[in-house]
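Q: Read off the chains here:
2 protein chains.
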Amino acid sequence: MRKFLLIALLWVSGLLAAKAQSITSPDNNLILTFSLKDGGVPTYQLTYKKKEVIKTSKLGIETKDVLSFMDGFTITNTAKATFDENWTPVWGEQKTIRNHYNELLVTLTQKAVKDRFIRIRFRLFNDGLGFRYEFPSQPNLNYFVIKEEHTQFALAGDHKAFWLPGDFDTQEYSTVTSNLSEVRGKMKAAVTANVNQTTFSPTGVQTPLMMKSKDGLYINIHEAALVDYSCMSLNLDDKNMVLESFLTPDAIGDKGYMQAPTQSPWRTVIVSDKAGDILLSKLVYNLNEPTKFKDVSWIKPVKYVGVWWEMITGKSTWAYNNLESVQLGVTDYSKTQPNGKHGATTANVKKYIDFAAKNGFDAVLVEGWNEGWEDWFGKTKDYVFDFVTPYPDFDVKELHRYAASKNVKIIMHHETSGSVRNYERHLDTAYKFMVANGYNAVKSGYVGQIIPRGEHHYGQWLVNHYLYAITKAADYKIMVNAHEAIRPTGLARTYPNLIGNEAARGTEYESFGGNNPDHTTILPFTRLVGGPMDYTPGIFQTKISAYNPENKSFVHTTLTKQLALYVTMYSPLQMAADLPETYEKFADAFQFIKDVAVDWDDSYIIEAEPGDYLTIARKAKGKNEWYVGSITDENARTATVKFDYLPKGKTYEAIIYADGKDADYEKNPQSYIIRKMKVNSKTVLKQAVAPGGGFAISIK
Amino acid sequence: MRKFLLIALLWVSGLLAAKAQSITSPDNNLILTFSLKDGGVPTYQLTYKKKEVIKTSKLGIETKDVLSFMDGFTITNTAKATFDENWTPVWGEQKTIRNHYNELLVTLTQKAVKDRFIRIRFRLFNDGLGFRYEFPSQPNLNYFVIKEEHTQFALAGDHKAFWLPGDFDTQEYSTVTSNLSEVRGKMKAAVTANVNQTTFSPTGVQTPLMMKSKDGLYINIHEAALVDYSCMSLNLDDKNMVLESFLTPDAIGDKGYMQAPTQSPWRTVIVSDKAGDILLSKLVYNLNEPTKFKDVSWIKPVKYVGVWWEMITGKSTWAYNNLESVQLGVTDYSKTQPNGKHGATTANVKKYIDFAAKNGFDAVLVEGWNEGWEDWFGKTKDYVFDFVTPYPDFDVKELHRYAASKNVKIIMHHETSGSVRNYERHLDTAYKFMVANGYNAVKSGYVGQIIPRGEHHYGQWLVNHYLYAITKAADYKIMVNAHEAIRPTGLARTYPNLIGNEAARGTEYESFGGNNPDHTTILPFTRLVGGPMDYTPGIFQTKISAYNPENKSFVHTTLTKQLALYVTMYSPLQMAADLPETYEKFADAFQFIKDVAVDWDDSYIIEAEPGDYLTIARKAKGKNEWYVGSITDENARTATVKFDYLPKGKTYEAIIYADGKDADYEKNPQSYIIRKMKVNSKTVLKQAVAPGGGFAISIK
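Protein chains in written order, with the UniProt record's numbering: chain E, 1 to 700; chain R, 1 to 700.
It should be emphasised that the hints constitute simulated quantities derived from the structure, not laboratory data.
Careful, some of the hints might be misleading.
[What the hints assert, rightly or not] No farther apart than 27 Å at their CA atoms in a straight line, the calculated lysine-lysine pairs in the BS3-like style are these: (1) Lys292/R <-> Lys472/E; (2) Lys335/R <-> Lys432/E; (3) Lys432/E <-> Lys477/R; (4) Lys111/R <-> Lys379/E; (5) Lys472/E <-> Lys472/R; (6) Lys379/R <-> Lys147/E; (7) Lys477/R <-> Lys64/E; (8) Lys111/E <-> Lys379/R; (9) Lys379/R <-> Lys114/E; (10) Lys292/E <-> Lys292/R; (11) Lys432/E <-> Lys379/R; (12) Lys477/R <-> Lys477/E; (13) Lys335/E <-> Lys335/R.
Throw the hints in and build the complete structure from the sequences for me.
A: Structure below.
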C-alpha cells in the first residue's frame, strides 16, 4: 500500500511540477498558458477567442559565464493576482488610462545550481499579454552576462507583416508589407542606404512588429520598459514561422550585463480582431512604472515651427561657413567667411518667432545655431559639438529676450553626431546653458556612427545613455525629444519629460526621395506602439524643387493629408514643419494646424486598416472641441465618418479640409476644398479621399 | 649647353630631393641623419660618438581611409633651428632644467595626393633624440584613421634589454632582463597573471624600453607628450633586431582618429655611455609643452601615510560588509551587518591622522571609505562607485574637521574599477565633494576591464580620458595620482597637478608574492623615464604573515633598502606605506623617512648599473640638506659614495642607515645599523650592502 501511495504522490507532484498554469484576460477572451516541456524548458502559449495567437513557444536566456537559464527547470511556486487601476498620464491620447490585468507569476528552480531560481511574470490584459524574466536577490545569483535571449513567438500562420529590416543602428527604412515567408526574398531591397546601419540576419526584423493573420487577427509584438538592457529585435525562422528574440550586441559581442536583483523588459503581444484596438491599446504604457516625478507642471505639449525644413530641403545650411573641417575652441569663426546660406541667423529666427507669436505657436526649433556643423557628419568626430557656443550670427541673449517678449520659447537642438561620451561630458553645462537662456525643451540627435566605436544605437550602453540624458534633463525641468535614439517602449509613463522620439522614417525623408504613400497608414500600428513620434508633418509645398531646384523629391501626400496627420499621428509635440511664407500662401488650410489640439481627453478609431487607411477622431483636453483626421494610401477611397462620440443632443460646427475632386499626391497635391457643415452625434459623413490623400475636420 | 645645364639642374635637384639631412647635438656627440630611400620612404639614423645607435630605420604611418603616409615622398623643404632655454619645474629632481637642442624639420610631399604634405620634426639634445610626425592644416588633408604606425628602431646589435611583455592593459609585470634574441623564448613565463591583460605579440614589449649594448651604450626608447593618440608599444623583429611601433587598438581594431592639424607624440631615444645620464635625462619633459597654469601654488609635493597597506596585506578590508553584491542607492548599508574588519573607519583614520601629525606627514590616504567595495572587483560592473557616499562608519565631516585641526590633509581615493563612463558621469560631483570636504589630492585607480568594453587601458580613448580627469581636476585645484593608468610621458610639465602614476609593479606586489630583488634597480631606467611613480615604499615589517597569517609573501628587500628607495625612486608623492604601529617599533630607522625631502634642487648619480645597483644623492629644495640612497639587487656589494656635491670647505653631519653585517633580504631583513659620521666634499665612503639591501644617508 505504501509503495502505491508513494508512486501516486510522486505522480501527482510530477504532474504539479509540469502542470500547465493558465490565466485569462479580465474579459476571458485571451488565455495564457505556461508549462514546462521535456527537460524542464519553460514555454507559453496564447489564444484569443479560442484561436491560437502564439503557439507553444520556448522561453529562456543563454548566458556566457553562469549556467544558462534555458532548461532543467521545475516550477517551485505559482502565484496569481489581479490589478485594476485608473491612472492619469501627464499628456496623451486619453485623459485616463485603465490598467487592468490578471497576473501569473511562476517561480522556476534549476537543480543544477543549488537554490538558484528565476521568475517569469505574465500579465494578461484585455488587449494582450506582457511577460518578463525576473532574477530576484539570492545567494547563488549575482552577476551574469547575457549571450542571447531565446524568447520565441511561434506564430500560427504565414501572417501578413509590416516589417523593417532588423538593424542595430537605425529604423529609417520604409516598412515592407509582405507575408512572413517573403521576408527573406525582400530583405535585400528593403535595406536601403543609411549613414549608419548594421543588419544582422537575412530574416531579421525590428519591433514593434505588426501582423495580420489570414483569419483577421491583428497581432503586434514589441517590448515595454526597456531599461538597462539591450534592445530586442526578432529573428524569423521562416520554415516554422517562429520569431525569436535577437538582442543587440556590444562592442565585444556580449548582449547584456546583469546584476541580480534585476529583470528583463516586458515582451508584449497586443492582439485583437479589430485593428483599432491595436491603436487604442495602452498595454505598453501599463507595463511601465508610474512616474515618481512630484512636480510635472513644467511638462507641456508643444506646437512649434522651426528653422529646420529650409535646411532639410537644401534651401539654407546648418553650417555657417564652407570650411572642410573645424576644431572647436581653435577655429576662430569670426575670422572665417560666412557662406551666406546659414539658416539659424538672429534675423531669420526672429521671423519664425514673429510667425509663431502671430499664429499661436508655443515654440520655434532652431537647428544649426552652434559651432561645429561644417564637418559634423560622417567623420566619426569625437569632440564635434560643445552645445553652448553659438555661431557669430546667432545672438543667444537677444533671441532669448525677443522670444520671451513674444511669449514664445526656442527649442534647443543638441545634435550629438553619435559622439556620446562628448555629449555626456557637456550635458550638465549644456542643460545649465538652456536654463540660463530660457530654453525648456531640447531636440537631441544621434546621427551617424556611435562613439565609443563598436557600440550600437540600440545596445545596452546606449539604452543606458538615452535614459541618463532624460533623467538628468528632468533635474533641470527640461523636456526631451530624442531623434535617432531607441524607439520608445512606454518609458514616458515613468519619465513624462520624454515627449518625443524619432526612431522611424519621418517627414525629412520626403525630401530625401519620398516616403511611400501608405507610410503613415502603417506607422501608428508599428512605430507609435510604445510612444509618440515627432513626425513633423504640415508640408504644404510638396515639391521640394520649389525651395531647392536641385532636389527633385516630392512629398508623397496631398496637402490635406498633411493636415490629417496632426490627428492620425498622435504626438504631444507637433511641428508645422513647412516655411512660414508657404503657410501664408495657404492661410485657410493652415487654420487647421493653428486650431488642432496636441493633448486629448479621448480618442476614437473610426476606421482602420494597417497599410490602407485610418480615420481617427479625438477630443481636445479640457475643451468642447473635436478633431478628425483621415488618410489613405495610394488608393482613393470614401471614408465613412461617424460622430457618435459627440455629446448627444448638441449640434456643432465642423470645418472640413478635404482633397479637391482631382487631387492626387503626385499630380495635384495642392488641390483642396474647405467647407463647413453642422454635425451632431448621429451624423454619418461620407468623404472622398484622393490617392495619397486625406482630410481633417475641426469641430467646435 | 642648355640641355647640359638642364640635366645638371635636374641632377642637382634630384640629389637635393634625396640628399641626406643631418643635425648634430649641441655637444656634437650625436648625429641624426634623415633621408629618403628608394620609393620615397622616409628614414632616419642616429649615431653616438661615431657608434650606430639606430641604424637606418623607416618611418611612416599606415592609414585606413586615406592614402597612407608610407612612401612616395619627396623632400620639399628643410629647416634647421636651435633652442636653448632653462625652465623651472613646479617640482622635480632639479630646480632648473635646461632645454637645449638642435632641430631639423623636414617637409615631405607625396605626389599621389595633390598638395598633401606632412612634416617630421627631429630634436637632437645632448642626451638623445626626439622626433614626431606632424600633419599641418591643408586643403587635402582633414580626417584620417590610423591603421598602424610603422616607426622603426633598427638596433645595432642583440642588446641586453630590460623589458615588459607588450600589453594593451597592464604594466604590472616583473621586468625581464635578457638579450633581445631571448625575448621570444622568455615571453610565456614573463606573462604572469593579471586581472586585466592583453598581450599582442610573442615579441612585443612596452616602453620605456631600456637596453645596453655589448660595447657599453645605454639606450632608452619611449615616447613624450602622449596626447589624443594611442599608446605605443614595440614589436621586435628578432631576426633583424628591429623594433617597430605597435599602437593600441580600440574596440573595433582602429588605432587612432586624427584630424589635421595634429601631430603624433614624440618618439624618444635617450643614449649615453654613462648609465647615470639616462637617469638624469630630462629629454622627455623637454619635449612637452610648458605649462599654461597661471597659479601653481596649490601644487605641492606630499609625504603621506595611509589606510591601505593593512588592506593590501589582508589584515583589514576595503569592504564594509560581506555581501556578495550591492546596488548603490538601493542597498541600505546601515541595515547590513558590518564584517568587523573594515579598515576605513573614523576611529582608525583618526589614528593615522594622529600619527601623521606627530611625525610631520602632510596627509593620510584612505581607501575603502565609500560604498561599493563589496563587489567592485572582477565583475565588470558599470555603476560600481559614486565617489561621494561614505560607509556608515566613515564620518566625512568629522574627519575633515579632525584632520584640519591637526593640519593634515586626507587624500581622496577614486577607484573607478575601469568603469570609465561611470567615473566621468560623477567627476564634477566627486571633485566638488572633495573641495567641500577639504581634500586637495586624489589617488585614482583603473583596476580591471575597461568599460566601455573592448577599449584598452592604453588606447586613444583612455589616453583622452586620463587627461580629461587631470585637466578637470586642475579646474578644482586638485592634484592627481592615477594608478593603472597610462605610464607617463612627461605630461606633468604641462599639467603639473599630475603628481603621480603607478603603471608598474609597485610595493603592493611585495604582498602579492614579492618583487624581484633587482626590481627597483631597474625601474628608474624604465618606468621613471617620463614621470614619477607612486611606488609607496617604507615597509619595515617585511614578512606579511605578521599581519595576516595566511599571506606567506615577504618583501624582497632589507629594511634599510626601503629607506634608500625614498631617494632612488624619485617621486613628489612619497608614502610611508607600513602601519604606524610598526614604525613605532623602529622609530630610529623611521627617522630617515621623517627627514627625507620630497622635492629637490639637484640630483647626482654616484653609481648606476641597471639591474644591479644604484647610488643617488639629492639636495633638498631650498635647504642645506642632502640625502643619499643606495640599493643593490640580490648580490651583496660595497658601494663607493662620493660627496663632491657638498659645498667645499664645510663639514656636515651624516646619519647612515645601513644593513647589519648579517642582513639579508630573505633571511634577516630587519638587521640594520645607524651610525653618524662627519663628511665633507672630499669624503669617499665605502659602505657594505647586503643581498637585496641598501642604505640611506641624511646629511645636514
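Q: Each hint: holds or not?
A: Against the structure, the hints come out as follows:
1. Between the alpha carbons of Lys292/R and Lys472/E the distance comes to roughly 33 Å, so the proposed pair goes past 27 Å and is violated.
2. At most 27 Å may separate the alpha-carbon atoms for a hinted pair to count; Lys335/R and Lys432/E exceed this at roughly 37 Å.
3. For the suggested pair Lys432/E and Lys477/R, the alpha carbons sit about 23 Å apart, so the restraint of at most 27 Å is met.
4. Between Lys111/R and Lys379/E, the direct Cα distance comes to roughly 25 Å. Compliance with the 27 Å bound is thereby established for this hinted pair.
5. Between Lys472/E and Lys472/R, the direct Cα distance comes to roughly 20 Å. Compliance with the 27 Å bound is thereby established for this hinted pair.
6. Distance restraint check for Lys379/R and Lys147/E: the Cα-Cα separation of roughly 16 Å lies within the 27 Å cut-off, and the hinted pair is therefore satisfied.
7. The suggested pairing of Lys477/R with Lys64/E is violated, with an alpha-carbon distance near 44 Å, which exceeds 27 Å.
8. With a C-alpha separation of about 25 Å, the suggested pair Lys111/E and Lys379/R falls inside the 27 Å cut-off, and the hint holds.
9. For the suggested pair Lys379/R and Lys114/E, the alpha carbons sit about 21 Å apart, so the restraint of at most 27 Å is met.
10. For the proposed pair Lys292/E and Lys292/R, the alpha carbon gap of about 47 Å is over 27 Å, so the pair is violated.
11. Distance check on the hinted pair: Lys432/E and Lys379/R sit about 35 Å apart at the alpha-carbon level, beyond 27 Å; violated.
12. The hinted pair formed by Lys477/R and Lys477/E fails the criterion: a straight-line CA distance of about 31 Å is larger than 27 Å.
13. The hinted pair formed by Lys335/E and Lys335/R fails the criterion: a straight-line CA distance of about 62 Å is larger than 27 Å.
Violated hints, listed in ascending order, are 1, 2, 7, 10, 11, 12 and 13; each of the other numbered hints is respected by the structure.
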